[in-house]
Each structure stands twice: as C-alpha cells, then as structure tokens.
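Student: So the sequence lines, in the order shown, correspond to chains A and B. The numbering of the first sequence is my numbering, which starts it at 1 and goes up by one. The numbering of the second sequence is my numbering, which starts it at 1 and goes up by one.
Be a bit skeptical, because a hint or two may be false.
Label-pair restraints from in silico Cβ distances [stated by the list, open to error]:
#1 V126(A) to G111(B): 12 to 20 Å
#2 A109(B) to S6(A): 37 to 45 Å
#3 H51(B) to I138(A): 41 to 49 Å
#4 V144(A) to M1(B): 55 to 63 Å
Dumping the calculated SDA-like pairs for lysine to any residue here, alpha-carbon to alpha-carbon at most 25 Å [stated by the list, open to error]:
#5 K69(A) to E17(A)
#6 K11(A) to R70(A)
#7 K112(A) to L48(B)
#8 K69(A) to R25(B)
If we take Cβ atoms under 8 Å as the criterion, some of the chain A residues that face chain B in the derived model are [stated by the list, open to error]:
#9 S6
#10 L10
#11 G44
#12 A58
#13 A74
#14 G76
#15 G80
#16 G90
#17 L93
#18 G94
#19 S95
#20 G97
#21 F101
#22 V109
#23 V122
Honestly, the hints are just simulated from the structure, not real lab data. Every residue gets a Cβ at the ideal spot worked out from N, C-alpha and C, and that includes glycine.
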Amino acid sequence: MIVKLSLSTLKDTRWYEYLIRFVLGGAVTAFTGVVSSLFGASVGGLFLALPAIFCASATLIASHEKRRKREAGASGRRRGQQAAALDAAGAALGSLGMLAFALTFRLLVERKETVAFIAALVAWTVISVAAWWIWRRIRAFRRVAGPRRPEFAGRELT
Amino acid sequence: MEYVARFLIGGLAVSAFALLGDMLRPKGFAGLFGAAPSVALATLGIALWQHGASYAAVQGKAMMWGALALLAYSIVVCHLLMRWRWNALPATISALLVWLCVAFGIYFAAGGSA
Numbered sequence: 001m002i003v004k005l006s007l008s009t010l011k012d013t014r015w016y017e018y019l020i021r022f023v024l025g026g027a028v029t030a031f032t033g034v035v036s037s038l039f040g041a042s043v044g045g046l047f048l049a050l051p052a053i054f055c056a057s058a059t060l061i062a063s064h065e066k067r068r069k070r071e072a073g074a075s076g077r078r079r080g081q082q083a084a085a086l087d088a089a090g091a092a093l094g095s096l097g098m099l100a101f102a103l104t105f106r107l108l109v110e111r112k113e114t115v116a117f118i119a120a121l122v123a124w125t126v127i128s129v130a131a132w133w134i135w136r137r138i139r140a141f142r143r144v145a146g147p148r149r150p151e152f153a154g155r156e157l158t
Numbered sequence: 001m002e003y004v005a006r007f008l009i010g011g012l013a014v015s016a017f018a019l020l021g022d023m024l025r026p027k028g029f030a031g032l033f034g035a036a037p038s039v040a041l042a043t044l045g046i047a048l049w050q051h052g053a054s055y056a057a058v059q060g061k062a063m064m065w066g067a068l069a070l071l072a073y074s075i076v077v078c079h080l081l082m083r084w085r086w087n088a089l090p091a092t093i094s095a096l097l098v099w100l101c102v103a104f105g106i107y108f109a110a111g112g113s114a
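Using the sequences plus the hints, can you model the full thing?
Tutor: Structure representation (structure tokens):
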C-alpha cells in the first residue's frame, strides 16, 4: 500500500485535542528540563524518549474510531482498541528510528552540531520507514503462508 | 523564563509531528510518528545552546536507553490492547511502568551513567 497524505482526516480532530497535545508536549519538554537540572544530563536524556504524548495520541485515535463506529450504529470499542494497537505497533517500529536518531546525534554532535541534527533526523526517517516496510512484508508473507492468531485479527485498518 | 521557552518549543515540535501523523495513511505508518523525536529535538537544541555539545552528547546517549524502553513499552501496549482487550487510556498509562523499569534497568546496568 502506498503512503498517502490526506488533509480530510484533520476534520476528525477537535480543537481541544490539538490543545491537549500542545500542552502535553510542552509539559514533557519542561519536565525533561527539570529532571536534567535535578538529576543530571544522563537521567534527563532517558526522558527524551518518554511516551507521554503517545498516551494522548493513542487514546484520541481510539476515540475517533469509536465515534465513527457509533455513528454507524455499532459500539466501536473493539475497533478503537485495534486502531490504538496499530498505532502502538507503528510506535514500536518508530522506536528503532528513535534509537538511530539518538545514536547518530551522539556520534556527530561533538564534531558538527547542525550536521548532527540533520543526520539524526535523516537516520530516524530512514530506519523508521525501512522497519515499517519490512514489517509490512512479513505480515503479507504470513497472510499468504497461514492463518493468523485470532487475537490479532482485524489489523487491516487503514 | 527558560521553562516557558521549553514549554512553547516542545509544544510546537510535538504538535507539528502529531499533525503530520494525523494526515498520513495507512495508520500503521502514521504510528511511526508516535515515536517521533519531537521532545528530543526541542530539548537537545536547548541543551546544545545552554550547555554545549558534550552535555547534549550525554543526553543523546541516554536517549538510546530511553528508545529501547519505548520499544518494550509499545509492544506491551499492543498486547494489552489486542490480547487482553484493555482500553487505550489504561493500557498506555499503566505500561509507563514498563518504560520506567526498562529505561532505568538499562541505565543502571550500564553503570548508572550515559
């Protein structure tokens, strides 16, 4: 499946949901600063990968799916769980990209600062997309090779 | 004032990545943005400006442990939702305990410093 950019999906998100993410993002960044000044750079560095924003985004995704299903006359609870789980699977793949980001930044920052940021972002993009592509290929192969486990059925959400 | 700047820069970076994630399809691909380095970009930029490259390098190294913890966290959330059928909010919040244990577990196993 080709990756698509769709502006119409923004209509699903309500204004206060954007506000929640802005406030959470700002709060986590400020919190990381507090942790770094209290416990040092290394403990503060751990919190650069804190999934605090993920809690909000996965919950919003689940509620959007539920809302859509409710409007169609179904409860939508299971659909919401599936959508959030798919988001979590994406985050697991993205965490490999985040690892590549941190490693690249760590290796380059003491030599060339601007290059370190650009190269780290490129590393995040390349590794995340590659991990996602491999994951899709494995899933496609499994689908052809044999039946899936029932608890993971229904991941065809797009 | 420093924390207000952190709040605004972090909020903007997170919102920008979240917006991009909202617009992308399929959902599995958009999920990659759940692990976007938005907080890291804001924090490392400020760290570099305030404390210099070696301080930012230490944070970057510790972030690697955090990223491994995020991998464990995401897998646990996925299983809580699909296998045990938890709702999104309790699953994502309770799995934060997994993130803390893995992140600090690796941190202390590495000798308590990055």
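Student: Now tell me if each hint is right for this structure.
Tutor: Tested hints:
1. At about 31 Å, the CB distance of V126(A) to G111(B) disagrees with the hint of 12 to 20 Å.
2. A beta carbon spacing of about 43 Å between A109(B) and S6(A) agrees with the range 37 to 45 Å that was offered as a hint.
3. Here the CB-CB span from H51(B) to I138(A) is close to 42 Å, well matched to the stated 41 to 49 Å.
4. Look at V144(A) against M1(B): about 58 Å separates their beta carbons, and that is inside 55 to 63 Å.
5. Using a Cα cut-off of 25 Å, the hinted pair K69(A) and E17(A) holds, with the two alpha carbons roughly 19 Å apart.
6. With a C-alpha separation of about 17 Å, the suggested pairing of K11(A) with R70(A) holds against the 25 Å cut-off.
7. At most 25 Å may separate the alpha-carbon atoms for a hinted pair to count; K112(A) and L48(B) meet this at roughly 12 Å.
8. The hinted pair formed by K69(A) and R25(B) meets the criterion: a straight-line CA distance of about 19 Å does not exceed 25 Å.
9. About 6 Å separates the beta-carbon of S6(A) from the nearest beta-carbon of chain B, less than 8 Å, and the hint is met.
10. Checking L10(A) against chain B: minimum C-beta separation of about 6 Å stays under 8 Å; hint holds.
11. Hint on G44(A) holds. Least Cβ distance to chain B is approximately 6 Å, under the 8 Å limit.
12. Hint on A58(A) holds. Least Cβ distance to chain B is approximately 5 Å, under the 8 Å limit.
13. With a least beta-carbon distance of about 16 Å to chain B, the hint placing A74(A) at the interface is violated under the 8 Å criterion.
14. For the restraint placing G76(A) at the interface with chain B, the shortest Cβ-Cβ distance is roughly 12 Å, beyond the 8 Å limit, so the hint is violated.
15. At a threshold of 8 Å, the smallest CB-CB gap from G80(A) to chain B is about 7 Å, leaving the interface hint in force.
16. Residue-level restraint check for G90(A) holds (minimum Cβ-Cβ distance to chain B is 2 Å; threshold 8 Å).
17. The beta carbon of L93(A) is positioned within 8 Å of a beta carbon in chain B (closest approach about 6 Å), and the interface hint is therefore held.
18. Hint status for G94(A): holds, given a least beta-carbon distance of 3 Å to chain B, under 8 Å.
19. Satisfaction of the interface hint for S95(A) is found here, the shortest Cβ-Cβ separation to chain B being roughly 4 Å, below the 8 Å cut-off.
20. The interface hint given for G97(A) holds, since its Cβ lies 7 Å from the closest Cβ of chain B, which is under the 8 Å cut-off.
21. Proximity of F101(A) to chain B holds as hinted, the smallest CB-CB distance being about 5 Å (cut-off 8 Å).
22. A least Cβ separation of about 5 Å between V109(A) and chain B falls short of the 8 Å threshold, and the interface hint therefore holds.
23. For the restraint placing V122(A) at the interface with chain B, the shortest Cβ-Cβ distance is roughly 12 Å, beyond the 8 Å limit, so the hint is violated.
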